[in-house]
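Undergrad: These are the residues of each chain, in order.
2 protein chains.
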Amino acid sequence: MNRENYTKRFMFEALKEAQKAFDKDEVPIGAVVVCNGQIISRAHNLTETLTDPTAHAEMQAITAASNYFGGKYLNQCTLFVTVEPCPMCAGAMYWAQLGKLVYGTPDPKRGFTVVSTKILHPKTEVENGILAEDCSKIITSFFQKKR
Amino acid sequence: MNRENYTKRFMFEALKEAQKAFDKDEVPIGAVVVCNGQIISRAHNLTETLTDPTAHAEMQAITAASNYFGGKYLNQCTLFVTVEPCPMCAGAMYWAQLGKLVYGTPDPKRGFTVVSTKILHPKTEVENGILAEDCSKIITSFFQKKR
Numbered sequence: 115m116n117r118e119n120y121t122k123r124f125m126f127e128a129l130k131e132a133q134k135a136f137d138k139d140e141v142p143i144g145a146v147v148v149c150n151g152q153i154i155s156r157a158h159n160l161t162e163t164l165t166d167p168t169a170h171a172e173m174q175a176i177t178a179a180s181n182y183f184g185g186k187y188l189n190q191c192t193l194f195v196t197v198e199p200c201p202m203c204a205g206a207m208y209w210a211q212l213g214k215l216v217y218g219t220p221d222p223k224r225g226f227t228v229v230s231t232k233i234l235h236p237k238t239e240v241e242n243g244i245l246a247e248d249c250s251k252i253i254t255s256f257f258q259k260k261r
Numbered sequence: 115m116n117r118e119n120y121t122k123r124f125m126f127e128a129l130k131e132a133q134k135a136f137d138k139d140e141v142p143i144g145a146v147v148v149c150n151g152q153i154i155s156r157a158h159n160l161t162e163t164l165t166d167p168t169a170h171a172e173m174q175a176i177t178a179a180s181n182y183f184g185g186k187y188l189n190q191c192t193l194f195v196t197v198e199p200c201p202m203c204a205g206a207m208y209w210a211q212l213g214k215l216v217y218g219t220p221d222p223k224r225g226f227t228v229v230s231t232k233i234l235h236p237k238t239e240v241e242n243g244i245l246a247e248d249c250s251k252i253i254t255s256f257f258q259k260k261r
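So the protein lines, in turn, are chains A and B.
Under our numbering, the first residue of the first sequence is numbered 115, with each subsequent residue one higher.
Under our numbering, the first residue of the second sequence is numbered 115, with each subsequent residue one higher.
Worth flagging that the hints you see were computed from the coordinates, not collected in a lab.
The structure displayed is predicted, hence computed values, not measured ones.
Beta carbons are placed, not taken as given, at the ideal position from N, Cα and C, and that holds for glycine.
Incorrect hints may have been included.
Residues of chain A placed beyond 10 Å of chain B at every Cβ, according to the derived structure [stated by the list, open to error]:
#: 1; residue: 213
#: 2; residue: 236
#: 3; residue: 259
Just some of the chain B residues that point at chain A, by a computed CB distance under 7 Å [to be verified]:
#: 4; residue: 184
#: 5; residue: 210
#: 6; residue: 232
#: 7; residue: 233
#: 8; residue: 237
#: 9; residue: 240
#: 10; residue: 242
Taking the hints into account, I'd like the entire structure generated from these sequences.
TA: Here it is, written out as structure tokens:
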């Protein structure tokens with residue numbers, strides 16, 4: 115599998131998580147953590163279901179991955195998430211020393227890059243725009259349904 | 115009880131939490147969430163115990179308080195924490211629309227104000243320097259012990 119397909123494949127898994135959030139009437143954002151080509155954890159936004167403003171997809175995926183490895187550092191891992199992380203989630207990635215972050219579509223309102231690019235760990239690689247249209251479309255249709 | 119004693123009283127409760135972390139060999143930071151003069155939740159750093167880089171005192175205190183209220187917003191609450199919050203925790207306070215943040219001692223390395231003051235919600239009031247010496251001393255003695 116070439117690199118482009120590899121990246122798309124995991125973003126597609128994050129999109130499946132976003133769809134699970136959509137089906138629960140949660141803001142549809144999904145994430146997976148990958149290490150050596152294997153999915154270590156997967157999660158979707160559950161802030162309403164859990165009544166917890168910290169229950170973003172990325173936070174849960176990081177907690178689960180750290181638990182799996184029995185260590186706090188995810189420097190060998192890539193986190194795929196459908197939407198650009200907020201400062202809270204980017205701050206969690208800092209503590210995990212995340213190896214690489216791949217996100218689908220930007221969040222011009224509350225994405226970490228809007229607030230400060232210094233939130234992420236300096237060693238974390240960043241790639242974006244993967245399946246951006248699909249990642250954006252599911253969010254747009256969620257908010258259209260809400261209106 | 116006058117305002118100064120009120121604030122010190124709750125910071126002292128946060129310090130008690132920090133001591134619990136110290137006793138577990140965790141970086142000694144503690145937090146309490148207060149609403150109408152009542153402590154709603156209390157927590158201390160558990161990142162090592164839980165193998166979870168997101169298990170900061172503030173994160174747990176916010177999750178527990180939201181759970182208690184059955185709502186994601188803590189705009190009527192004050193969070194007392196012994197050390198200046200990091201960007202992750204300040205980002206969580208943003209989503210909770212925290213009413214007020216009171217912290218003891220600054221964190222010149224990774225405090226949110228070092229990274230960006232835009233991380234907090236614009237409506238969140240901030241006060242600091244409460245029992246600063248005690249809040250700082252417990253951290254210093256923890257790292258001295260580690261050396």
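Undergrad: Determine for every hint whether it applies to the structure shown.
TA: We went through each hint and held it up to the structure:
1. 213: 14 Å, holds
2. 236: Non-interface label on residue 236 (chain A) holds, nearest chain B Cβ at 12 Å vs cutoff 10 Å.
3. 259: Consistent with the label, residue 259 (chain A) stays out of reach of chain B, its closest Cβ about 20 Å off (over 10 Å).
4. 184: This hint holds: residue 184 (chain B) lies near chain A, its Cβ roughly 6 Å from the closest one there, short of 7 Å.
5. 210: 5 Å, holds
6. 232: With a minimum Cβ separation of about 5 Å from chain A (threshold 7 Å), the hint on residue 232 (chain B) holds.
7. 233: 5 Å, holds
8. 237: The hint is violated - residue 237 (chain B) has no Cβ within 7 Å of chain A, the shortest such distance being about 15 Å.
9. 240: Violated, because the Cβ-Cβ distance from residue 240 (chain B) to chain A comes to roughly 16 Å (cut-off 7 Å).
10. 242: 19 Å, violated
Violated hints for the displayed structure, listed by number in ascending order: 8, 9 and 10.
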